[in-house]
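Could you put the whole structure together from the sequences, leaning on the hints where they help?
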Amino acid sequence: MQPPPACLPAMSTKSVPYSLVVVGGGMAGVMAALAAQGSGQKTLVIEPSNVLGGQGTAGGVAGFCGDTQRVNREFATLVEMLNRNGLIEPYRANDDRRAYDLEWCAFFLQEMITSRSIDVLFHARVVGVAVEERRIQSLTVATPGGLEIVSARFVIDATGACTIGRLAGFQVQHLGAGAQLPMSLYFTMWDTGRSVPPVLPEGCPRWHREDEIPMTSLHVFPTGKVEVKMKVVGFDAADAWDRSRAEVFARRQMHGLIHFLQTVGYQGRRLDRHVLAGVSRSIGVREENRIVGEHVLTEAEARHGVIFADAVAVNTYHIDYHWPDRAERAGTGVTDMLDPHHLPLRMMIPKGAKNLLVPGRGASGDQMAMSAFRVMAVVAQMGYAAGHAARICLEEHVDLDQLSVPKLQAAIEAGGQSLDLSDYGEYLCDQRLTVESFDPQPPAVGTIAASVLAPLQNGCFLFAWTVAGLAGHSVHMACRREKQWTEVVEVAQFPATPRIGIGVAVTERGSYVLQVWDREGIWAAQQWRLQQTADGRVLMMGAVPPPSESEPMRPDELGQDAGKGGVQMRATIMADPKRIGVLMSPDRGNTWICQGEIDAGTAAVASAAAAPTATGVAVAWIAVNGRGGFWHGGQTRLDRPGLECGD
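Numbering (my numbering), first residue to last: 1493 to 2139.
Each hint should be verified, as a subset may be incorrect.
Between beta-carbon pairs, the in silico distance windows are [unchecked claim]:
(1) Gln2023 / Ser1607: 39 to 47 Å
(2) Arg1818 / Arg1762: 21 to 29 Å
(3) Pro2078 / Ser2003: 25 to 33 Å
(4) Gln1561 / Gly1532: 47 to 55 Å
(5) Val1767 / Pro2078: 46 to 54 Å
Please keep in mind that the hints were generated in silico from the structure rather than gathered at the bench. We treat Cβ as the ideally placed atom computed from N, Cα and C, and that holds for glycine.
Take a look at the structure:
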């Protein structure tokens, strides 16, 4: 009789040291590893599936949401690889989603990682964490060969479930079944070119009308492949048993939906020649756990376009809250548009953590805020920032509370990831529109002579105007920050003049000069220096000497003909004084083209100014009754009655 084979040890004796361990190989994890590798740190990515890309590959989500044109250079490299091979749809600013081939995406991510000598451990899960005084020392990893101990000087938890944070004892927020954002199953169907007999397996649901089926989305690729997204509600994605039940339930529901698509059809398309080609490796997950961080991003902050001094990423997506307890499409949830807003470093730091960051959907935020920042183009920015933060901490041998935020921000921006909110807004620009009023208190008495609107950093605006009174002129200004107007400030007074000009010039990043000049030459130009702080506030730094002839500020380049690059814009009051025309010059003022009009309300306009923005155009005005108004949106949102604005 042969002796039994020797048993494998429960614990491997191998202990592997790494500078950085990234747990989770989704978009946030991959970007983190790539960013951190710049100085040659020994990095490991641990991924439970067999591909990199997370929800964007294994989860079947074959489309980027968020602004894919303005992420960072690593993400741009991925998009270029896909684009070069015809594997991603062209960027169209007003398309909510940019579809791509997920299998090729997984391959390109793999090549990007391995070409940098970053180690990848597939089919592996972290099951234990050793912690000393809020510092992670090592991870216990379950692999097909047994358990291994991986030591790490720094850890990035990009699991989306806060796996490391939870195992390390940091507080997480967990909403169960019926409260979490629901899951979705993705599957694909191929056109066979001939009719196929529909099959409905026993135990699978049968539906007869569109309003009966779960929320469904179809995306048809040029190859004929149809991607189907099907909503799955009522399960807890963070619980292994419940998630397993969801997988079983979803596949039964999927076959019922396939039968419906083949026999009844959906939104005018019947897939009676299509068969099931593939199902995602795992069910798609929107929410599991969220860390409780040094800052909890709130819905209110997101809705106000919040600015943070420790900003490390920008959210470009809208709220995308799916009702947790409704399967049908009708009233699917909340999809309100947001202005671009900052994501701070503190929301990725678990409270008290020294060497752990949590980028991605597991970051610290309330559920509504997370519903917006969870998409791939945004978590790619978060992961990239986390990677740079880890690299700096490792290089300088410091904990997160000693990390230089300005140094981190400089590294992030050097990698092509802008933190200036004013650079964003083109994505979904036709859906963006802000119309609001503000009240200059106390109202200025006199005739409004001239005005200027200047876009500042981080989505802020400066609106300044002059008032001609009996004793002379006065300059007033108000600033718009986080979607709110400051109180109107009187800057200065000066002698009367028949013709006056006003403008704003940029001297350096965050520094501006507000200038008023006499077009008749009666008195010398006057100017005041303005400084914008890291959190977006505008400070008046006092008067400065007028420019010399050798060093002209040329504020007229940004005055009533405000410009962005070579494009300038001007506002003009129409024959109907309650309407404002918007003119654009593509050649720095040589020619002017009318773009459309806006309705300024019930009072006649005294003075108006316009400026181009990433979204399209912004217009501000003062009415004869002293009320102020502001309009900001895509150019397609302008009224275009006759396009004869005049000059």
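Q: Take a look at whether the Cβ-Cβ distance between valine 1767 and proline 2078 falls inside 46 to 54 Å.
A: Given about 52 Å between the Cβ atoms, the range holds.
(Q) Against the range 25 to 33 Å, how does the distance between the Cβ atoms of proline 2078 and serine 2003 compare: consistent or not? (A) Check passed, 28 Å falls within 25 to 33 Å.
Q) Between arginine 1818 and arginine 1762, does the C-beta distance stay in 21 to 29 Å? A) holds, 26 Å
Q. Range hint 39 to 47 Å: satisfied by the CB atoms of glutamine 2023 and serine 1607?
A. Between glutamine 2023 and serine 1607, where Cβ atoms are some 44 Å apart, the hint holds.
**Q.** Range agreement (Cβ of glycine 1532 with Cβ of glutamine 1561, hint 47 to 55 Å)
**A.** At 30 Å between Cβs, range violated.
Consistency with the previously given hints fails for number 4 only.
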